[in-house]
Structures are given as structure tokens and as C-alpha cells.
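Asks: Residue numbers (the numbering used here): 7 to 235.
FYI, nobody ran anything at the bench for these hints, they're computed from the structure.
Note that this is a predicted model, so its numbers are computed, not measured.
A virtual CB, placed ideally from N, CA and C, is assigned to each residue, including glycine.
Just to be clear, a hint being listed does not mean it is correct.
[To be verified] BS3-like mimics (lysine-lysine), calculated; alpha carbons at most 27 Å apart, straight line: (1) Lys163 to Lys193; (2) Lys47 to Lys108; (3) Lys226 to Lys163; (4) Lys193 to Lys215; (5) Lys215 to Lys234; (6) Lys108 to Lys40; (7) Lys234 to Lys193.
[Said to hold, decoys possible] Quick list of simulated restraints, FRET-style, between CB atoms: (8) Gly152 to Asn45: 31 to 37 Å; (9) Ile11 to Asn173: 20 to 26 Å; (10) Glu27 to Pro213: 17 to 23 Å; (11) Pro15 to Gly46: 19 to 25 Å.
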Amino acid sequence: TGLDIQPAPAPSGGVLRSSEEIKFLSASADGLLKLWNLNGKELHCYDAQAAQHRHGKRGSSGAGSSSSSRHRLGKCAFHPMGGEFFASTSYDRSWCLWDVEKPETLLLRQDGHSTAVHCCAFHPDGSLLATGDLGGIVRLWDLRSGRAILGFDSHAKAVLDVSFNCNGYIMATCSMDNTVKIWDLRKLGEYTIPAHDNLISAIQFEPQKGEWLASVAYDKTVRIWSMKQ
């Protein structure tokens with residue numbers, strides 16, 4: 007359901023990483039996240055349900071969780087500052103923050119959505135996290151306090167992806183309502199693009215200058231949008 011590649015530690019000095027050093031994270035409908043290297047070796051497995059039980063979050067002290075008790079996961083994203091942390095979203099209406107090297111410990115689990123949380127993205131400076139749910143709501147979270155600081159409810163259907171521009175104040179979301187929305191976080195304004203003829207499953211800003219936005223949809227097209235104007 008989700009996939010992300012761990013960013014290189016900063017500063018990398020332009021040195022290429024070996025296949026052992028390049029890691030990626032996968033999120034699954036079985037409720038588990040796994041960290042892998044490019045040789046196909048599983049490095050860690052993350053189970054939010056079991057981690058909650060170990061810490062008595064839901065009145066249980068069980069050592070693990072069964073697959074039947076886990077909730078489907080949505081997308082996952084590495085923290086942009088070196089990839090030491092990552093976020094995951096869940097259909098139990100929550101999102102979680104993890105330390106890559108501590109798979110048995112949840113740094114933060116946060117509720118706040120009324121429906122399943124499907125997607126997430128970190129702000130370029132790493133201080134904020136955006137989450138989108140299947141009810142069409144997008145929330146912006148301050149990671150220092152763990153609290154939601156903004157909410158956006160203009161999508162008519164499920165939000166399937168979210169992406170931040172590298173400038174830090176423009177955010178884009180896409181939805182099953184066939185639209186892409188561009189959000190100005192300074193002015194709290196929005197611009198709607200009727201972008202495709204079917205649901206839009208993913209969007210991504212060009213990472214260097216943020217002058218382009220790519221969208222992909224179930225109408226069998228990929229489209230590139232200019233952010234220059």
C-alpha cells in the first residue's frame with residue numbers, strides 16, 4: 007500500500023551509497039511495515055498494534071498481535087532530515103511516528119481523523135506532517151507538539167496523496183474526486199485543478215526547484231503541471 011526510499015544521511019559528500027546502504031520501507035494491507043535493503047534482505051519489521059500492546063496503550067500487555075487484529079496500512083514516508091524517522095498511516099484512523107532503529111517502540115501515535123488515514127508527507131524542514139483520509143480531509147500536524155494545527159476539507163471524496171513543494175509553503179493533494187488541489191499555507195488559500203477523468207492516485211512535486219507537479223490517475227494518463235505561475 008505504501009513505499010518510500012530512505013534519504014541519504016546529510017551531509018553525504020556526494021559519495022554513492024552501496025546496495026547495502028540504500029534502504030526502503032514498505033507498508034502493507036496486513037498491517038505491517040518492513041525495512042529492506044536493495045539485496046532483498048529484511049532488516050526490520052514494524053507492528054504498531056504490537057507496539058501499543060507492549061506499552062499498555064489499549065489495556066493489553068500482550069507480546070504481539072495477530073494478523074486479524076491489525077488494521078490495513080496506508081502510505082509511509084521517511085523524515086527528510088537523514089531518514090532516521092518515518093511516518094505511517096493506518097485505516098484505524100491514526101498515524102504513527104517511528105524511529106527506524108527501534109521497531110518495537112512507537113515515538114508517537116496520533117488520532118484526529120474520523121475516517122481511515124491513507125496518505126502522509128513531511129514538510130521539507132521536517133517540522134510538520136500532512137495526512138489525508140478517506141473522508142476527504144487533510145490535516146497538518148506540528149511534530150513538536152503532536153497536535154493538528156490546520157485542517158482542509160474541500161475534497162469531495164477520499165484524499166489519496168499529498169506532496170509538499172520544496173519552497174515549504176505550497177502543498178498539493180489529489181483525490182478520488184478527480185481533482186488536484188494546490189494549497190498556499192501562508193494565505194490559507196486553495197486552487198482546484200480538474201486534472202483527470204478518473205481518480206488520481208499519486209502526485210509529486212519536482213524536488214529541486216518545485217516548478218513542476220506530476221499527477222497519475224486511473225484514466226491511464228500521467229500529467230505534468232507547471233507551478234511557475
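Asks: Should the hint that glycine 152 and asparagine 45 are 31 to 37 Å apart at their CB atoms be regarded as holding?
Replies: Roughly 36 Å apart at Cβ, these two residues keep to the hinted range, so it holds.
Asks: Check the hint pairing lysine 47 with lysine 108 against an upper bound of 27 Å on the C-alpha distance.
Replies: holds, 17 Å
Asks: Determine whether the Cβ-Cβ distance between proline 15 and glycine 46 falls within the hinted range of 19 to 25 Å.
Replies: holds, 22 Å
Asks: Can you confirm whether the C-alpha distance between lysine 193 and lysine 215 stays at or below 27 Å?
Replies: OK: lysine 193 and lysine 215 at ~21 Å, within 27 Å.
Asks: Do the alpha carbons of lysine 108 and lysine 40 lie within 27 Å of each other, as the hint requires?
Replies: holds, 12 Å
Asks: Given the hinted pair lysine 234 and lysine 193, is their alpha-carbon gap at most 27 Å?
Replies: Distance ~18 Å between lysine 234 and lysine 193 Cα, so the pair holds.
Asks: Against the range 17 to 23 Å, how does the distance between the Cβ atoms of glutamate 27 and proline 213 compare: consistent or not?
Replies: holds, 20 Å
Asks: With the threshold set at 27 Å, check whether the alpha-carbon distance from lysine 163 to lysine 193 stays at or below it.
Replies: holds, 24 Å
Asks: Is 20 to 26 Å a correct range for the gap between the Cβ atoms of isoleucine 11 and asparagine 173?
Replies: holds, 22 Å
Asks: Check the hint pairing lysine 226 with lysine 163 against an upper bound of 27 Å on the C-alpha distance.
Replies: With a Cα-Cα distance of about 20 Å, the restraint between lysine 226 and lysine 163 holds, given a limit of 27 Å.
Asks: Given the hinted pair lysine 215 and lysine 234, is their Cα-Cα distance within 27 Å?
Replies: Holds, because 10 Å separates the two Cα atoms, which is no more than 27 Å.
In this structure, every one of the numbered hints holds.
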